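Protein chains in written order, with the numbering used here: chain A, 54 to 202; chain B, 12 to 671; chain C, 898 to 1077.
Warning: the hint list may mix true and false statements.
So, partial list: chain A residues that the calculated Cβ filter (under 8 Å) puts toward chain B [to be verified]:
#  : residue
1  : Leu63
2  : Ala75
3  : Leu78
4  : Val79
5  : Asn88
6  : Gln105
7  : Arg108
8  : Gly116
9  : Arg120
10 : Glu122
11 : Ser124
12 : Tyr142
13 : Leu146
No more than 27 Å apart at the CA atoms, straight line, and that leaves these computed lysine-lysine pairs for DSSO-like [to be verified]:
#  : chain 1 : residue 1 : chain 2 : residue 2
14 : A       : Lys59     : C       : Lys997
15 : B       : Lys426    : A       : Lys59
16 : B       : Lys394    : B       : Lys649
Worth flagging that the hints you see were computed from the coordinates, not collected in a lab. All figures in this text were calculated on a predicted structure; none of them were measured in a lab. Using N, Cα and C, we set each Cβ at its ideal position, and we do this for glycine too.
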Amino acid sequence: MHPVRKQRLLLVLFIVLFSSAAIGLVTYALRGNINLFFPPAEVAAGMAPPGQPIRVGGMVAEGSVRRSEDSLLVRFDLTDFQASVPVEYEGILPDLFDEGQGAVASGRLNARGVLEATEVLAKHDENYMPPEVADALEKSGYDHKGNKQ
Amino acid sequence: MIPEVGHFALIIGLCLALLLTILPAWGAYRRDAVMMGLAPGLAIGLLVFVTISFTCLAVAFLQDDFSVKVVASNSNSLLPDFYKFSALWGNHEGSLLLWGLILCLWISAVALFSGQLPLLVLARVLSVMGGIAVGFLSFSLFTSNPFERILPGAPADGSDLNPLLQDPGLIIHPPLLYMGYVGFSVAFAFAIAALLGGRLDASWARWSRPWTNVAWAFLSLGIMLGSWWAYYELGWGGWWFWDPVENASFMPWLAGTALLHSLSVTEKRGLFKSWTVLLAIFAFSLSLLGTFMVRSGVLTSVHAFATDPARGMFILVFLAIVVGGSLTLYALRAPAVTSRVSFAWVSRESLLLFNNVVFLVSTLTVLFGTLFPLIMDALGLGKYSVGPPYFNAVFVPLMAITAPVMGLGPISRWKGDSVGRWQSELAVPAVVALLCGITLPLLGREYNLWVALAATLAAWLTLGLCRDLWNRVRAAASPLRGLRRLTPSYWGMFIAHLGFAACVIGIVATSQYSIEHDLKMRPGDREVLAGYEFTFVELANVRGPNFLADEARITVSRNGERVAALAPQKRRYLASGQVMTEAAIDPGLFRDLYVAMGEPIGEEGAWAIRLHYKPMVRWMWLGAILMAIGGFTTAFDKRYRRQRTPVRAGAVAEAATRAG
Amino acid sequence: MPARLKLFLPLILFAVLALFLFRGLELDPRELPSALIDRPLPEFALPALGEARQLTRADVTGEVALFNVWATWCVSCRVEHPYLQQLADLGVRIYGVNYKDEDDAARRWLDELGDPYLANIADHEGSLGLDLGVYGAPETYLVDAGGIVRYRHVGVVDERVWQEVLEPLYRQFSEEVRSR
Chain A
54 MHPVRKQRLL
64 LVLFIVLFSS
74 AAIGLVTYAL
84 RGNINLFFPP
94 AEVAAGMAPP
104 GQPIRVGGMV
114 AEGSVRRSED
124 SLLVRFDLTD
134 FQASVPVEYE
144 GILPDLFDEG
154 QGAVASGRLN
164 ARGVLEATEV
174 LAKHDENYMP
184 PEVADALEKS
194 GYDHKGNKQ
Chain B
12 MIPEVGHFAL
22 IIGLCLALLL
32 TILPAWGAYR
42 RDAVMMGLAP
52 GLAIGLLVFV
62 TISFTCLAVA
72 FLQDDFSVKV
82 VASNSNSLLP
92 DFYKFSALWG
102 NHEGSLLLWG
112 LILCLWISAV
122 ALFSGQLPLL
132 VLARVLSVMG
142 GIAVGFLSFS
152 LFTSNPFERI
162 LPGAPADGSD
172 LNPLLQDPGL
182 IIHPPLLYMG
192 YVGFSVAFAF
202 AIAALLGGRL
212 DASWARWSRP
222 WTNVAWAFLS
232 LGIMLGSWWA
242 YYELGWGGWW
252 FWDPVENASF
262 MPWLAGTALL
272 HSLSVTEKRG
282 LFKSWTVLLA
292 IFAFSLSLLG
302 TFMVRSGVLT
312 SVHAFATDPA
322 RGMFILVFLA
332 IVVGGSLTLY
342 ALRAPAVTSR
352 VSFAWVSRES
362 LLLFNNVVFL
372 VSTLTVLFGT
382 LFPLIMDALG
392 LGKYSVGPPY
402 FNAVFVPLMA
412 ITAPVMGLGP
422 ISRWKGDSVG
432 RWQSELAVPA
442 VVALLCGITL
452 PLLGREYNLW
462 VALAATLAAW
472 LTLGLCRDLW
482 NRVRAAASPL
492 RGLRRLTPSY
502 WGMFIAHLGF
512 AACVIGIVAT
522 SQYSIEHDLK
532 MRPGDREVLA
542 GYEFTFVELA
552 NVRGPNFLAD
562 EARITVSRNG
572 ERVAALAPQK
582 RRYLASGQVM
592 TEAAIDPGLF
602 RDLYVAMGEP
612 IGEEGAWAIR
622 LHYKPMVRWM
632 WLGAILMAIG
642 GFTTAFDKRY
652 RRQRTPVRAG
662 AVAEAATRAG
Chain C
898 MPARLKLFLP
908 LILFAVLALF
918 LFRGLELDPR
928 ELPSALIDRP
938 LPEFALPALG
948 EARQLTRADV
958 TGEVALFNVW
968 ATWCVSCRVE
978 HPYLQQLADL
988 GVRIYGVNYK
998 DEDDAARRWL
1008 DELGDPYLAN
1018 IADHEGSLGL
1028 DLGVYGAPET
1038 YLVDAGGIVR
1048 YRHVGVVDER
1058 VWQEVLEPLY
1068 RQFSEEVRSR
């Protein structure tokens, strides 16, 4: 084979092999590491798979936050005003976490239907609500019309 | 009055930018030297007016002119002066003006320091950059005017700068980051000018190289500061979150890294021309895409500015024009014929090609992960989020295969080398690196294979560099002369590669050996972490200039000796009422001790406290600083300055090939 | 000419990406819908803050007005308050819904910062808030003369919100009354 041709062939081979390896890696990494968002109503309806990493977002129900006396365990309910999902989290909550505020918890549902959260995010400021939370609230029948002017 | 002056200066700036886009381009088309000659003057004028505009806004901030809307919503009379100043870019409108100012700085720098460029090329380059300035200045004026007034009824006081942004790191982080982002516009403009002129040659590569390296160095510093800020300010000890906004700055960096390596091949060997042009377009496009993502609200992020769909639309259209236009130009004008020059598979070229492929693939995987939620949402497949595990799973292997190749790079020869020579040169470094890899983790808390791997790779990189340096010094008559004969280009590469090695060590050691403990502590409680004894001495109330805080006073001792006194705070800012965690850190070259307060728990005086032991975390940032120093150093290479414009560009290519 | 065509590949990829980005812009999720848009304000009977009377839906409807949900525990409300005062001084009709608050604290707040409200509905239990679908404070509802909720704003009402959104609606519904 002509040396330039051969070089080209090798180059193409290398690129093909390398990109398939990369694509394989991406697919593998995506499979285990993305998590789907569920509104509380869908969790309550049993649509969220137990044991899989998921995220649930809604408002932290008023009066639902209970802290343990001797550890950092916190329990609270996330609600979209249709249904609520109990959440357990052990650790330090973000500064902006509060009752009546939007929050997103990610973790896995256990057999009791409690979301064992590994991460809790609070809404960022008074003008901002995580889009998933807004969406979940919208889906929960709280709108019958959009309010775009 | 002053804000109106600023507004007016910005309008004049936009007009000058329009002239800068049109006149030199027209001149270049007509080969009219007078019109082309206007470009540098217009560039300086543009800088002057945008600077006036920026200064006016700065004055409005410093004088607490709350009738100006951005001042009212982002500053406060209680704020210390330097935060009043930095509040200017802590918001969308002001940061966009900063973007514009920095773009004008780069334009003027090109106009001033490119005396050796042929007028035709300079006119084209400045015209392209002028076009980018038109885009950004009109974005600023038409969708996010920073000088908008609240009249009548200006508030008596402003609603304060977000406390997270009240921090020294954040004073310089955005300017450095923008210096990097915007700096890639120079490489972009050179690439477009070369495509327009139909001349992609070694001289084009040599002209763009120093600009690209400096922009890349700024971007490295900017990213490093961002990471450092997140570490000490967000209060949970994380230093990289793969957040869309972080990715927005990281992707241009990755593409820029590929670009500067590819440029070296194009300069020295005249190879990979269309590839290099594509990378230059790609790097700047990613900067623009990052701007789009941060400011349009399509992706959510902790850093996101308040968003507005109209703004998103504007940038999307701008993005489509710039990127679409340049890729069309590329498709039409890039040389389709592969160059005749060949190189062996065992050669520096192929190693650099490997680097390019790896960095490009890394960029694309990060881009994919960042946009995945948006794509799924757009297709109606559900609301997904892609977290750090994805990015780590993809990114770590990619970087792990770069490092072995990177160790071979510096010592390899252009055109063709031999495996035999690699073996004889690098056998000793390879063995020593392996030994380092096996032994170094013994110093750690426990034996860890990841650390062993990182230590091997870092040692391999460092030793390979040292071997190469030794070869070069040995070849000279005396070691001193040998050292002096090495060019800034070489030193830049040397330092930057060392920085990469330090980064690898820091990242792996801190992710593998960190200990984190969240617990409830009362005054008087003790806790031992990694051999350090943390004692919660007392709780105090503290008053800052614009906040009240609960402060936990914690002393740290080791083997009975006092190591540090730490005072993390939980602050409540007076103007906004926002609560913020202020971590306390005892820094060290080999370990950081990090304490943050969570929330008060139950009975009097007990708090949730977060204790961290973070080994070698500083190495990562020191590494990034070394990389930046390397990038700056290369720009001082004489060959970028001394060379007069040759009559025939072809001659340069030949000369460069011979010299390389 | 396949070699040339290959060079168009980046352009095509970008075009696809741009389409997704464009779609992404439309998906802007930040606007919060309300259950009550174009529906009547819910019935209620709650005490008036600082007064010894009950307020009902009939007491507060009949003219276009803003209903501002506020509380002393809400920091943003403090930010918003001076602007509401300005609006009230301009003659804008504003009712307050004092949401899950203590009467004493609320009265002190009004004494200190001024009272822009025609009257305040003391919603201690948040029952009216629940009917309205309040997420948090502050929120502001625009209710027309027929007692129909026409618009809901989540967050602070400031100059921009008023001028760009609320004022045009306020005018429009006021004029409808007059033309009737």
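Hint check:
no.: 1; hint: Leu63; result: 7 Å, holds
no.: 2; hint: Ala75; result: 5 Å, holds
no.: 3; hint: Leu78; result: 5 Å, holds
no.: 4; hint: Val79; result: 6 Å, holds
no.: 5; hint: Asn88; result: 6 Å, holds
no.: 6; hint: Gln105; result: 13 Å, violated
no.: 7; hint: Arg108; result: 6 Å, holds
no.: 8; hint: Gly116; result: 17 Å, violated
no.: 9; hint: Arg120; result: 6 Å, holds
no.: 10; hint: Glu122; result: 6 Å, holds
no.: 11; hint: Ser124; result: 7 Å, holds
no.: 12; hint: Tyr142; result: 11 Å, violated
no.: 13; hint: Leu146; result: 6 Å, holds
no.: 14; hint: A:Lys59 x C:Lys997; result: 78 Å, violated
no.: 15; hint: B:Lys426 x A:Lys59; result: 16 Å, holds
no.: 16; hint: B:Lys394 x B:Lys649; result: 53 Å, violated
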